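Visitor: Letter by letter, the chains look like this.
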Amino acid sequence: MADPWDLGLGHSLELGAWSLELSIAMTPLVCYLLLSALLFSIGLAGALTRRNAIIVLIGIELMLNAANLNFIAFWRYGEHPETLTGVMFAIFSIGVAAAEAAVGLALIIAVYRHYKTTNLDQVDSMKG
Amino acid sequence: MIWIFVILAMVTLAGAMAALSQRHLVHCALCLVLALGGLAGLFLQLDAQFVGLAQILVYIGAVAILIVFAILLTRGSEPTQQSALTSSWVMGVSVAVLTFGSLAAGVLASHVIPWASNPKPNVATDVAVNRIGEKLMTDYVVPLEVVALLLTAALIGAVIIAMKEEPK
Chain A
1 MADPWDLGLG HSLELGAWSL ELSIAMTPLV CYLLLSALLF SIGLAGALTR RNAIIVLIGI
61 ELMLNAANLN FIAFWRYGEH PETLTGVMFA IFSIGVAAAE AAVGLALIIA VYRHYKTTNL
121 DQVDSMKG
Chain B
129 MIWIFVILAM VTLAGAMAAL SQRHLVHCAL CLVLALGGLA GLFLQLDAQF VGLAQILVYI
189 GAVAILIVFA ILLTRGSEPT QQSALTSSWV MGVSVAVLTF GSLAAGVLAS HVIPWASNPK
249 PNVATDVAVN RIGEKLMTDY VVPLEVVALL LTAALIGAVI IAMKEEPK
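Chains as they are written, first to last, in the numbering used here: chain A, 1 to 128; chain B, 129 to 296.
A few of these clues could be false.
A short, non-exhaustive set of chain A residues, derived as facing chain B with CB atoms under 10 Å [claimed, not checked]:
hint, residue
1, 32
2, 33
3, 34
4, 36
5, 57
6, 109
7, 125
8, 126
Residues from chain A shown here face chain B by an in silico Cβ test under 7 Å; the list is partial [what the hints assert, rightly or not]:
hint, residue
9, 42
10, 60
11, 67
12, 99
Beta-carbon label-pair distances, calculated as ranges [to be verified]:
hint, chain 1, residue 1, chain 2, residue 2, range
13, A, 126, B, 131, 46 to 54 Å
14, B, 190, A, 67, 12 to 20 Å
15, A, 78, B, 266, 16 to 24 Å
Rather than coming from a laboratory, the hints here were simulated on the basis of the structure.
All values derive from a computational prediction rather than experimental measurement.
Glycine is no exception: its CB is placed at the ideal position from the N, C-alpha and C atoms.
Please put together the full structure from these sequences, using the hints given.
Guide: Here is the structure:
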């Protein structure tokens, strides 16, 4: 007959070992992909719902960063990390995103100078 | 390792949500810095030191400052009376929720992505940075030049767009 106290101790030891194993093991790739999807959706929600043009630009930056996180995660967990493909793509992506931010903010400043507002609901002179 | 990931993911998500939900625009920019810093930490945790430090330099150093400048130049720091959301915000939120649902369903249903995958042994950090430089100058020299051209064009274009309009 098994001693109930012994069983409880063994169970808790097993749980402790499992927790230790989980804390040592690397994060699975799925966690990074889900985090990236969530970050992309938050950026998309911000870009679609806010009135201010600068917040829309911040949402677009967050979406670009979510894509960068996917590049790096797939590179790190891929078959050949020594080829550095994902890192290269992420570096070029950061460069293009910087150019996009500069031109986008210049456009916002030009729109503000013309309309005296950055509220996207009021910038509607091309609306049919 | 997974606790570091959980903490960094929490910081990133909280920063992103706060950056898009605050009413005060300067607070939005500061929360964006928090989210980008969390992402830089995630890059460092994934052994991509060069990308993580480039993220800190480019995003936290340059893009965040640029956004603060734009907020101050457009007087966005003054609080407005009207609602911060567009009239069709329900549609926007549902599109975003649908996007996340389809992305998560695709990721979770995929047979290609292993569940308990450990990353492959990586090359050492200093070797990796050396090899990034080598590759940028050999295999990726054409994209490098194209990005240089793009940045120059963006610089000139941004100056011309933001230049003062001539009164007619």
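Visitor: Now tell me if each hint is right for this structure.
Guide: Quick rundown of the hints versus the structure:
| no. | hint | result |
| --- | --- | --- |
| 1 | 32 | 8 Å, holds |
| 2 | 33 | 5 Å, holds |
| 3 | 34 | 6 Å, holds |
| 4 | 36 | 8 Å, holds |
| 5 | 57 | 7 Å, holds |
| 6 | 109 | 5 Å, holds |
| 7 | 125 | 16 Å, violated |
| 8 | 126 | 17 Å, violated |
| 9 | 42 | 5 Å, holds |
| 10 | 60 | 11 Å, violated |
| 11 | 67 | 11 Å, violated |
| 12 | 99 | 4 Å, holds |
| 13 | A:126 <-> B:131: 46 to 54 Å | 51 Å, holds |
| 14 | B:190 <-> A:67: 12 to 20 Å | 19 Å, holds |
| 15 | A:78 <-> B:266: 16 to 24 Å | 21 Å, holds |
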